[in-house]
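A.B. asks: Numbering-wise (my numbering), the sequence shown opens with residue 1 and increments by one.
Derived by calculation from the structure, the hints in this document are not laboratory data.
Some clues are possibly wrong.
If you anchor each label on the Cβ, the simulated ranges turn out as follows [said to hold, decoys possible]:
| # | residue 1 | residue 2 | range |
| --- | --- | --- | --- |
| 1 | L160 | E33 | 20 to 30 Å |
| 2 | A46 | R4 | 23 to 33 Å |
| 3 | R207 | V184 | 15 to 25 Å |
| 4 | N196 | V38 | 38 to 48 Å |
| 5 | P251 | A46 | 45 to 55 Å |
| 6 | L137 | V89 | 32 to 42 Å |
| 7 | P50 | R221 | 21 to 31 Å |
| 8 | T244 | V52 | 26 to 36 Å |
| 9 | V38 | Y214 | 39 to 49 Å |
| 10 | V184 | E103 | 18 to 28 Å |
| 11 | S47 | A75 | 45 to 55 Å |
| 12 | G18 | A75 | 34 to 44 Å |
All C-beta atoms in this analysis are idealised placements derived from N, C-alpha and C, irrespective of residue type, glycine included.
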Amino acid sequence: MTYRRAGKTELGVRTPEGVVPTGHPGLREYLTEGDAAVARLERLLASGPPVVTPDRMLSPLAERGQLICVGGNYADHNAEMGIQPAEPVYFPKLWSAVLPPGESLRPPEPTTQLDYEVEFAVVIGRTARRIAAADALDHVFGYTVVNDIGAREVMARERLQIMLCKSADGFLPVAEEIVTTDEVDVDGAAITCTVNGELRQKSTLDRMRYSVPYLLEFLTRTVTLHPGDLVTTGSPGGSGIAQTPPRFLRPGDVVTASVAGVGSVITTIGEPR
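Using the sequences and the hints given, assemble the complete structure.
C.D. replies: Structure below.
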């Protein structure tokens with residue numbers, strides 16, 4: 001987790017006793033240091049270190065890392081959207097789309113057709129270029145949960161306008177924490193999204209069309225991933241646009257996107273900017 005305390009940005013680890021500072025200002029600095037940082041952190045945690053109280057939680061992601069999203073990775077979502085991709089589909093989000101924990105998401109316009117999409121995401125721990133699927137998870141540092149927010153009216157007027165649909169300010173709420181791969185087994189984990197407590201999306205990670213190792217192998221044939229980069233894995237069926245009639249998000253709505261064992265990101269929809 002990353003947070004502000006006494007005017008400084010710090011990377012910390014949540015333990016049963018509380019938050020322990022790692023001594024690094026952010027995730028990229030920790031990951032770049034490699035095995036030495038891991039060993040030092042293990043010694044620190046074993047020593048019973050003092051805990052701190054953050055003043056404000058920040059996104060746990062590496063500052064201005066690459067944000068790469070996957071589309072069309074659940075059959076039920078493809079069916080409701082009327083698409084059938086022949087291979088994994090990727091698109092980037094802008095860094096300005098990242099919504100820090102605790103902040104309200106304010107739509108760009110009163111007419112924005114704001115939609116939700118819960119996604120399981122992986123955070124890269126080692127530089128990955130042309131990696132094989134069998135080796136892909138060795139390059140993953142951990143997992144988190146994001147909500148891939150979109151403005152459906154944008155792509156309704158122009159099908160190719162993906163960036164403006166998906167990358168408006170605040171359109172990527174991210175959970176407070178990254179759970180390291182050694183802490184959780186995500187095989188078959190439940191993935192859900194609720195709006196005001198009502199279940200809208202529900203599936204399991206083993207229903208993805210393409211696994212995480214295959215997604216990373218396919219992607220790194222052409223894109224080099226660096227420590228701290230984020231890659232999402234698609235969203236299951238149940239998005240707002242697929243309801244009859246469509247059910248878009250409105251000011252005051254509370255959206256909870258969750259993956260069992262990994263965590264949740266809770267987002268309140270604010271008034272338009």
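A.B. asks: All hints, please: hold or fail.
C.D. replies: Hints and how they fare:
no. : hint                      : in the structure
1   : L160 <-> E33: 20 to 30 Å  : violated (41 Å)
2   : A46 <-> R4: 23 to 33 Å    : holds (27 Å)
3   : R207 <-> V184: 15 to 25 Å : holds (18 Å)
4   : N196 <-> V38: 38 to 48 Å  : holds (41 Å)
5   : P251 <-> A46: 45 to 55 Å  : holds (47 Å)
6   : L137 <-> V89: 32 to 42 Å  : violated (22 Å)
7   : P50 <-> R221: 21 to 31 Å  : violated (46 Å)
8   : T244 <-> V52: 26 to 36 Å  : violated (49 Å)
9   : V38 <-> Y214: 39 to 49 Å  : violated (27 Å)
10  : V184 <-> E103: 18 to 28 Å : holds (26 Å)
11  : S47 <-> A75: 45 to 55 Å   : holds (49 Å)
12  : G18 <-> A75: 34 to 44 Å   : holds (42 Å)
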